[in-house]
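Model the full structure from these sequences, guided by the hints.
Listed in order, the protein sequences are those of chains A and B.
The first sequence begins at 1 in my numbering and counts up one residue at a time.
The second sequence begins at 1001 in my numbering and counts up one residue at a time.
Source of the hints: derived by calculation from the structure; they are not laboratory data.
Owing to the predicted nature of the structure, the values given are computational and were not obtained by experimental measurement.
Backbone N, C-alpha and C fix where the C-beta goes; we use that ideal spot for every residue, glycine too.
Incorrect hints may have been included.
Derived DSSO-like pairs: lysine-lysine, alpha-carbon spacing no greater than 30 angstroms straight-line [unchecked claim]:
#  : chain 1 : residue 1 : chain 2 : residue 2
1  : A       : K87       : B       : K1044
2  : B       : K1074     : B       : K1195
3  : B       : K1009     : A       : K158
4  : B       : K1022     : B       : K1177
5  : B       : K1046     : B       : K1071
6  : B       : K1046     : A       : K158
7  : B       : K1046     : A       : K87
8  : B       : K1009     : B       : K1044
9  : B       : K1022     : A       : K158
10 : A       : K158      : B       : K1074
11 : A       : K123      : B       : K1009
Here are some chain B residues the structure puts well away from chain A; computed CB gaps all over 10 angstroms [as the list claims (entries may be wrong)]:
#  : residue
12 : E1030
13 : D1040
14 : Q1093
15 : E1124
16 : I1137
17 : D1150
18 : V1154
19 : D1155
20 : L1161
21 : E1172
22 : S1176
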Amino acid sequence: MGQFPALNQSDLEHFDTVLDELLAKSEADIALLVEKAGYLIHQRGSQHEVDTTTFATLGSNAYNAVHFMAQLVNESNFTSMYQQGEKFSTLMLNVEENSILVLIFPTHLTVGSMKYFAVPAAKALAERVALAAGRDPGMGIDLSDMDAADVQSALFQKGK
Amino acid sequence: MAIINQATKELQVKIVYYGPAKSGKTTNLEQVHQNVQVPDSAAKGKLTSLATSSDRTLFFDFFPLEAVAIKGFKTKFALFTVPGQVIYNATRQIVLRGVDGVVFVADSQYDKMEENVETFKHLEENLKTMNLRLEDIPCVLQYNKRDLPDAAPVDYLDFVLNNREVQLPTFEASASKCDGVFETLNMITRMLLHKFLNNGVRK
Chain A
1 MGQFPALNQS DLEHFDTVLD ELLAKSEADI ALLVEKAGYL IHQRGSQHEV
51 DTTTFATLGS NAYNAVHFMA QLVNESNFTS MYQQGEKFST LMLNVEENSI
101 LVLIFPTHLT VGSMKYFAVP AAKALAERVA LAAGRDPGMG IDLSDMDAAD
151 VQSALFQKGK
Chain B
1001 MAIINQATKE LQVKIVYYGP AKSGKTTNLE QVHQNVQVPD SAAKGKLTSL
1051 ATSSDRTLFF DFFPLEAVAI KGFKTKFALF TVPGQVIYNA TRQIVLRGVD
1101 GVVFVADSQY DKMEENVETF KHLEENLKTM NLRLEDIPCV LQYNKRDLPD
1151 AAPVDYLDFV LNNREVQLPT FEASASKCDG VFETLNMITR MLLHKFLNNG
1201 VRK
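So this is what it looks like as structure tokens:
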């Protein structure tokens, strides 16, 4: 299992372009790029109406569960997952080894049309993630000038 | 493993509370959620529990929590629990994906010792399926339910669960009273940050 790469500003701008285009073409409300461990990487659309952090975590774990089910029936992968609701539906699509694309869209739109626009978007996202991974796989926060004492104090305090 | 976003200056870290059924994993998260001091409400996310009708964790509990910025990086901790019941072992493996640190919540009661040991073994086996060893990731042992009359002595719990070359840090706790909960959380977060300090986030 690899690791999701560090991202820079240009990566995020690229994600903006891909996801905005996807939302415009598909008429979906929200598009999320989610790391499979549950982290929300990027989001576009009317996300202020939804707790996207929780949505991303639930989505990634649900997707992982389906992936696990696929292994049980000797299927190498189920690449997408769809849930139809009364007002809203969701589609989750594999992007690459470590991430998925989550779409929230009005139910009157068909899953077929969502997939039609989402598949190339997922591919474009995957290419950018690969580019980020190849750029500097070891890049991280440089903590070398930080003293161990800096992290000695308790990060979280109990309220009174 | 931890995610770093240079563009938004965010560091995201995943901590999983692991342990046998009814050992107090969910209670730990509930106490942190209820009692943690945060500079603003945005720092504390919603506690989400996927539980059965009898309040047993079915999939996981999840609670996102932000800490103070470290070197300009906003540090977000994602706290998870796994279901305690053995039948949900596949679910535990799913929740463990990308884990950075583990809090093992043991039930101190004598009659729960076998379950503690068995669950600890499962943890090691599940990590192995992800090519991880317990020694590779920060781990803290919490001896919970110290307030119960049939709690085993700490020396005994150490012998049963922490009898290894490099011992794990341990904390006594009564999670239902919030005793030991923050001490445990602060230790695992400190160990994680020390690990990043020594190895870098991505090495």
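Output the indices of the hints that this structure fails to meet, ascending. Those not satisfied come down to hint 14.
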